[in-house]
Amino acid sequence: NAGVTQTPKFQVLKTGQSMTLQCAQDMNHEYMSWYRQDPGMGLRLIHYSVGAGITDQGEVPNGYNVSRSTTEDFPLRLLSAAPSQTSVYFCASMGLAGAVGELFFGEGSRLTVL
Amino acid sequence: SQQGEEDPQALSIQEGENATMNCSYKTSINNLQWYRQNSGRGLVHLILIRSNEREKHSGRLRVTLDTSKKSSSLLITASRAADTASYFCASDNNNDMRFGAGTRLTVKP
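Residue numbers (my numbering), protein chains in the order written: chain A, 1 to 114; chain B, 1 to 109.
These are computed hints drawn from the structure, not numbers from a lab.
C-beta atoms are modelled at their ideal positions from N, C-alpha and C, and glycine is treated no differently.
Treat the hints with caution; some may be incorrect.
DEER-style ranges, computed between Cβ atoms [to be verified]:
| id | chain 1 | residue 1 | chain 2 | residue 2 | range |
| --- | --- | --- | --- | --- | --- |
| 1 | B | 93 | A | 77 | 20 to 28 Å |
| 2 | B | 58 | A | 41 | 21 to 29 Å |
| 3 | B | 54 | A | 75 | 36 to 44 Å |
| 4 | B | 15 | A | 28 | 37 to 45 Å |
| 5 | A | 39 | B | 61 | 25 to 33 Å |
These stretches of chain B come out as covered by chain A in the derived footprint (C-beta under 8 Å, 3 or more residues) [what the hints assert, rightly or not]:
| id | stretch |
| --- | --- |
| 6 | 17-30 |
| 7 | 57-71 |
| 8 | 100-109 |
Turn these sequences into a full structure, and let the hints steer you where they fit.
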């Protein structure tokens, strides 16, 4: 069972470069989300989606774009990376068919912006 | 801003002792969840308590929820060295999941 797969696991960027963090899930989950985790802090929600074609902003959306063209994939784009975006990024998914759901997380992507 | 706050930030105990972590949140919730994170890894779901429940057990885990105080606690009984990890609470308000900063638990053998 693959679950939630994130790529790449590690990435170093220079200020101003762009990149996309990939996230894919094979559980047919409607809900997908991106979080960032900074030292000493919990996870902060960047963007989330409750289905294909639907996205919404979380707590810290600035500097990030997302799209949800398929149920399986939810890429996170940094259009012009800044040092403040150095962080560990986690993608998560959850089924919405039941009354309540638990999040399933990927292993994380560590991004450093120089 | 963080939705939840865990207390304490760090906890160190001996194997066999009980560990209690507390969590406070700010808005109304549908449910509250606890997750565990081993160093450098993704989060793993531990237990979920609905807003109309007051206490829930799962193995060595006991969770309580007080919606009037907007707080929850996680008790791990008979702790083991393998329980060493960070523990996070997450409040779910209509699928808007917000996490606290976590409690770092160290269980010494």
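Hint-by-hint comparison with the structure:
Checked against the hint of 20 to 28 Å, the C-beta distance between residue 93 of chain B and residue 77 of chain A comes to roughly 27 Å, which is consistent with it. In this structure the supplied range 21 to 29 Å holds for residue 58 of chain B paired with residue 41 of chain A, their Cβ-Cβ distance being about 27 Å. About 41 Å separates the C-beta atoms of residue 54 of chain B and residue 75 of chain A, a value consistent with the hinted range of 36 to 44 Å. Here the CB-CB span from residue 15 of chain B to residue 28 of chain A is close to 41 Å, well matched to the stated 37 to 45 Å.
A hinted range of 25 to 33 Å for the beta carbons of residue 39 of chain A and residue 61 of chain B is consistent with their spacing of about 27 Å. Given a C-beta distance limit of less than 8 Å, the hint that chain A covers the stretch 17-30 of chain B is violated, as 1 residues qualify and 3 are needed. Proximity of the stretch 57-71 of chain B to chain A, defined as three or more residues with a beta carbon under 8 Å from a beta carbon of that chain, is not established by the 0 residues found. Counting residues of the stretch 100-109 of chain B whose CB falls under 8 Å from any CB of chain A gives 3; the rule of at least 3 is met.
Against the hints set out earlier in the document, violations occur for numbers 6 and 7.
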